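**Q** Spelled out, the chains give:
Protein chains: 2
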Amino acid sequence: MDVLQAIRERRSVRNFREEPLTREQLETILEAAVWAPTGGNIQAWKFVVVTDPRRINDIKAFSPGMLPVPAALVVACSDLERASSRGGRLAAEVLTICDVSMACQNMMLAAHALGLGSCVIRSFSQTGVARLLGLPESIRPELLVALGHPVRMPPAPRRRPQHEVVHWEAYGREPV
Amino acid sequence: MDVLQAIRERRSVRNFREEPLTREQLETILEAAVWAPTGGNIQAWKFVVVTDPRRINDIKAFSPGMLPVPAALVVACSDLERASSRGGRLAAEVLTICDVSMACQNMMLAAHALGLGSCVIRSFSQTGVARLLGLPESIRPELLVALGHPVRMPPAPRRRPQHEVVHWEAYGREPV
Numbered sequence: 002m003d004v005l006q007a008i009r010e011r012r013s014v015r016n017f018r019e020e021p022l023t024r025e026q027l028e029t030i031l032e033a034a035v036w037a038p039t040g041g042n043i044q045a046w047k048f049v050v051v052t053d054p055r056r057i058n059d060i061k062a063f064s065p066g067m068l069p070v071p072a073a074l075v076v077a078c079s080d081l082e083r084a085s086s087r088g089g090r091l092a093a094e095v096l097t098i099c100d101v102s103m104a105c106q107n108m109m110l111a112a113h114a115l116g117l118g119s120c121v122i123r124s125f126s127q128t129g130v131a132r133l134l135g136l137p138e139s140i141r142p143e144l145l146v147a148l149g150h151p152v153r154m155p156p157a158p159r160r161r162p163q164h165e166v167v168h169w170e171a172y173g174r175e176p177v
Numbered sequence: 002m003d004v005l006q007a008i009r010e011r012r013s014v015r016n017f018r019e020e021p022l023t024r025e026q027l028e029t030i031l032e033a034a035v036w037a038p039t040g041g042n043i044q045a046w047k048f049v050v051v052t053d054p055r056r057i058n059d060i061k062a063f064s065p066g067m068l069p070v071p072a073a074l075v076v077a078c079s080d081l082e083r084a085s086s087r088g089g090r091l092a093a094e095v096l097t098i099c100d101v102s103m104a105c106q107n108m109m110l111a112a113h114a115l116g117l118g119s120c121v122i123r124s125f126s127q128t129g130v131a132r133l134l135g136l137p138e139s140i141r142p143e144l145l146v147a148l149g150h151p152v153r154m155p156p157a158p159r160r161r162p163q164h165e166v167v168h169w170e171a172y173g174r175e176p177v
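So the sequences go chain by chain: P and C.
Going by the working numbering, the first residue of the first sequence is number 2, and it counts up by one from there.
Going by the working numbering, the first residue of the second sequence is number 2, and it counts up by one from there.
A portion of the hints provided could be inaccurate.
[Unchecked claim] Chain P is faced by these chain C residues, among others (derived, beta-carbon under 7 Å): (1) F48; (2) L96; (3) R160; (4) R161; (5) H168.
[Unchecked claim] Over 12 Å on every C-beta distance to chain P, these chain C residues come out as not near it, computed from the model: (6) N16; (7) E19; (8) N42; (9) F63; (10) V70; (11) S102; (12) G129; (13) H150; (14) P151; (15) R159.
Hint data in this document are derived by calculation from the structure and do not stem from the laboratory.
Here the structure is a predicted model, which means the values were calculated and not measured.
In this text, a Cβ means the ideal position worked out from N, Cα and C, and glycines have one as well.
Kindly produce the complete structure, drawing on both the sequences and the hints.
**A** Structural data, given as structure tokens:
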């Protein structure tokens, strides 16, 4: 699938069929994740792939924003120890979340290219999910990516008109 | 260009030819930005596109990480007022940076699809760049995306092996 088409057509999908993802699909999605750029090439991240419905359900209890159980869930985490030892405070406090977010966008585009739906979720208890997965203290779950076969593709949510959000040459200047 | 190919082949490009980008190229890249998902569809972002070499040079003074002047620079900002009024503290403190990061990844993939190079930069003075661009206090520059015609495509930086960063079903469990 064309990259610009994937970027335009990807939607946040919250309702999934029960059909599981194949190992190959998941591997393609995870490969996409780790090709995202990372600050100083530190790659201070960890991705926990969960497909066990019971475990996904347990995570869902900490994530009120998640709708019916997706076929798979990627818990995208910062590795704070690696970030801070290799990149200092900026890396641990800011770059990790940027890097993880870019990796999640890659995963969602890859999922879309495979005909799958996805949704990124931040409204969950980081402490709860960390405990449930037995994460060490230095591994902080930042974002969840729900994955599955979409029941249907939702319509595009309203986008703000470009002139409201894109400024040419200077802030507040009207488009030329 | 195929989306998975773009994800795999995109590199952080830091050396650009002098050739400018066309308005159409920039518009395609900015369109890609605003198709990224945003928490609660709040779209609390602003993108300032700078192509004036003098102005880019001024920004470069606040950004030690930026190499020779790129053909264009997108200053990707959070709109903290919009985020906090529509999504509260979580939106202003966390979702904005996630949203802006995902938008930047879309821009870099779109640039790559157009045969252009890009590099995302976080090591700059947010205060300095905000002052230079005359941004209101509620508009915070989060990331810079340098854009241009690459002098050459750099080789892929070393990626950590998948088993170091991808965990299946549980943290620390070896691949099955």
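**Q** Taking C-beta pairs only, is H150/C more than 12 Å away from all of chain P?
**A** 18 Å, holds
**Q** Should the hint that R160/C touches chain P count as held when the rule is a Cβ pair under 7 Å?
**A** Since the shortest Cβ distance to chain P is 6 Å, the answer is holds.
**Q** Grab the minimum beta-carbon distance between N16/C and chain P and tell me whether it stays above 12 Å.
**A** 16 Å, holds
**Q** Checking a non-interface call: every C-beta of chain P should be farther than 12 Å from the C-beta of G129/C. Is that right?
**A** 15 Å, holds
**Q** Closest CB-CB distance from P151/C to chain P, is it above 12 Å?
**A** The assertion about P151/C holds, with a minimum of 15 Å to chain P.
**Q** Hey, does the R161/C contact hint survive, CB to chain P under 7 Å?
**A** Given a least distance of 5 Å, the restraint on R161/C holds.
**Q** Please confirm whether F63/C is truly not at the interface, meaning its C-beta sits more than 12 Å away from all C-beta atoms of chain P.
**A** Per Cβ check, F63/C is outside 12 Å of chain P; nearest 15 Å; holds.
**Q** At 12 Å, judged by beta carbons, does E19/C keep clear of chain P as stated?
**A** Label holds. Min Cβ-Cβ 18 Å, cutoff 12 Å.
**Q** Interface hint check: F48/C, Cβ to nearest Cβ on chain P, cutoff 7 Å. Holds or violated?
**A** 5 Å, holds
**Q** For V70/C, is the shortest CB-to-CB distance to chain P above 12 Å, so the non-interface label stands?
**A** 15 Å, holds
**Q** Is N42/C truly not at the interface, in the sense that its beta carbon sits beyond 12 Å from all beta carbons of chain P?
**A** 5 Å, violated
**Q** Taking the least C-beta to C-beta distance, is H168/C closer than 7 Å to chain P?
**A** 5 Å, holds
This entry does not satisfy hints 8, 11, 15, going by the numbered hints stated previously.
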